[in-house]
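Chemist: Okay, here's what each chain looks like letter by letter:
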Amino acid sequence: MLKSHSAAHYCLGIESTADDFSVGIASFDGKILANVINAYVPEKGGIHPREAARHHTEVAGKVLAEAFQRAKVRPQDISTVAFSQGPGLGPCLRTGATAARALASYLGVPLVGVNHCVAHIEIGKLVADARDPVALYVSGGNTIVSAFEAERYRVFGETLDIAVGNCLDVFAREAGLHRKEGMPLGAIVEELASCGQTLISLPYTVKGMDLSFSGLLTAAVQLLHDEKHGIEDVCFSLQEVAFSMLTEVTERALAHTEKPEILLTGGVAANKRLQSMLKSVAEEHKVRFCMLPKQYALDNGAMIAWTGILAYKHHVTLPIEKSFVKLKWRLDEVPIPWVGG
Amino acid sequence: MLIKKGAEANLYLKDWHGHKVIMKQRPPKKYRVPTLDKAIRFYRTIHESQLIHKAKETGVPTPTIFMVDIAKTTIIMEFVEGKQIKQILNDLSSKDRQYLCCHIGALIGKLHNHGIIHSDLTTSNMILTPQNKVVFVDFGLSEQSKELEVKGVDLHLMKRALQSTHYKHVSECFDAIMGGYTRVVGDNVAREVLKKIQEIERRGRYVSER
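Going down the list, the sequences are from chains S and W.
Heads up: the first sequence begins at 1 in the numbering used here, then just goes up one per residue.
Heads up: the second sequence begins at 1 in the numbering used here, then just goes up one per residue.
It is possible that some hints are incorrect.
Only some residues are given here: those of chain S computed to face chain W with a beta carbon under 7 Å [to be verified]:
#1 Phe156
#2 Glu240
#3 Lys272
Keep in mind the hints are simulated off the structure, nothing from the lab.
Predicted, not measured: the structure shown is a model, and the values here were computed from it.
For every residue, glycine included, the Cβ atom is placed at its ideal position computed from N, Cα and C.
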């Protein structure tokens with residue numbers, strides 16, 4: 001049942017690929033009306049998929065209710081429900097998918113499966129007003145340099161092993177650092193790095209436009225065990241090398257594609273040092289540097305809602321019986337009919 | 001005259017004692033801390049000129065190096081007339097494309113046989129001359145290694161370059177490249193390298209067959 005003639009159209013988007021459960025509501029003309037994010041914070045260690053999924057189940061009702069309240073939209077005003085179908089952690093994805101399927105069939109509206117990486121780029125374009133950027137998407141699970149080329153977001157560079165956020169997180173845990181209130185581990189590494197001065201030699205691994213962080217992580221952890229250097233200098237060196245690699249690859253993609261903008265997104269996008277490096281490259285190439293407010297750079301429901309709208313408008317909907325999650329769904333597998341050119 | 005402002009180097013077309021040359025200069029990058037910046041630029045300048053020369057010894061055409069100025073992180077080398085493979089590959093007939101890719105594969109095989117890893121195999125780094133020679137350029141990221149892993153990554157990058165720039169002909173081109181490669185390195189090595197490439201692909205994030 002399509003509700004095609006109500007005055008305003010809204011999409012509700014559910015994001016649950018990893019540690020965040022988030023619900024966003026957007027209007028078809030591109031206004032974000034709600035973006036409620038509820039993060040699972042493990043007591044120690046990394047994200048345990050099952051524990052994170054349990055968290056998502058527990059907060060789902062509350063987050064949904066809060067999103068409706070903030071958006072001042074009634075459930076019956078929703079024209080379509082979108083959810084992140086992948087890539088991500090299986091148990092987490094399934095929780096979001098289950099909520100989305102239930103909601104869509106209860107409301108009798110179509111379901112849209114959204115690729116999480118596409119959503120990061122689309123919300124970036126909407127919020128930062130970017131038209132056709134080279135996008136650097138850096139988080140705990142992803143490290144991708146991409147740009148639009150012939151119907152897809154093509155992956156120009158990506159990590160050959162672990163994501164940069166993962167590298168920083170694991171390093172921080174190995175160093176015995178703890179999250180503080182409102183500060184993820186990456187931010188603590190950043191804070192320590194800002195007090196570092198001496199660059200210690202670490203492996204710098206760029207292969208073509210692809211990157212590798214596992215050797216860098218091992219070497220940085222080794223430095224910790226050697227106890228010859230202060231933690232500040234190790235953090236400083238780790239950040240300088242990792243971010244120089246990212247910036248170099250982004251610059252290569254920019255030189256190759258000649259796009260007019262650089263878009264920085266994902267959890268690691270909050271790092272000021274990385275921002276300043278990319279800004280410097282943007283200035284050198286006379287292109288615009290686009291950054292996002294944190295709530296749109298981190299995993300969020302608004303990006304799923306907005307991308308859901310783009311897909312829905314192009315009739316890319318998903319029958320419930322085919323709405324299985326795709327744990328390894330690559331960015332460059334997704335046709336993007338809504339971008340011209 | 002500046003002919004290309006690349007990500008890490010600028011290429012100038014110059015007249016140098018009567019020769020038409022490319023001056024490849026690696027300018028400082030403001031985004032990097034000076035220590036790291038200098039180390040990377042020095043290393044790549046030295047390494048590139050050495051490996052361009054070594055590659056030539058293995059029978060792979062590369063530009064002739066005329067001068068290396070390490071302090072200025074500058075290499076002066078022969079200007080290679082011709083067209084980038086990137087510009088012509090999509091427009092060739094299927095037969096010609098396969099023939100050309102097979103030849104490229106054979107050249108990669110020669111490099112690998114001698115432990116030279118290009119590390120940036122893209123169709124913009126290969127030039128087809130009017131004499132129908134394929135010249136490999138830009139050895140800025142290359143390294144010396146005989147490890148299977150590194151050879152695998154090298155070819156994986158070639159495939160990735162095909163995927164982003166020649167997405168309509170990926171399997172045709174890559175199969176032909178591997179054909180030429182196999183002829184040079186032999187069936188056994190080629191089989192091992194192919195296995196490695198598949199392993200590397202599975203290692204990447206979000207690969208469906210993992």
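Chemist: Now tell me, hint by hint, if it's right for this structure.
Modeler: Hints and how they fare:
Checking phenylalanine 156 (chain S) against chain W: minimum C-beta separation of about 6 Å stays under 7 Å; hint holds. Taken as an interface hint, glutamate 240 (chain S) checks out: its beta carbon lies about 5 Å from the nearest beta carbon of chain W, inside 7 Å. Look at lysine 272 (chain S): its Cβ only gets to about 13 Å from chain W, farther than 7 Å, so that hint breaks.
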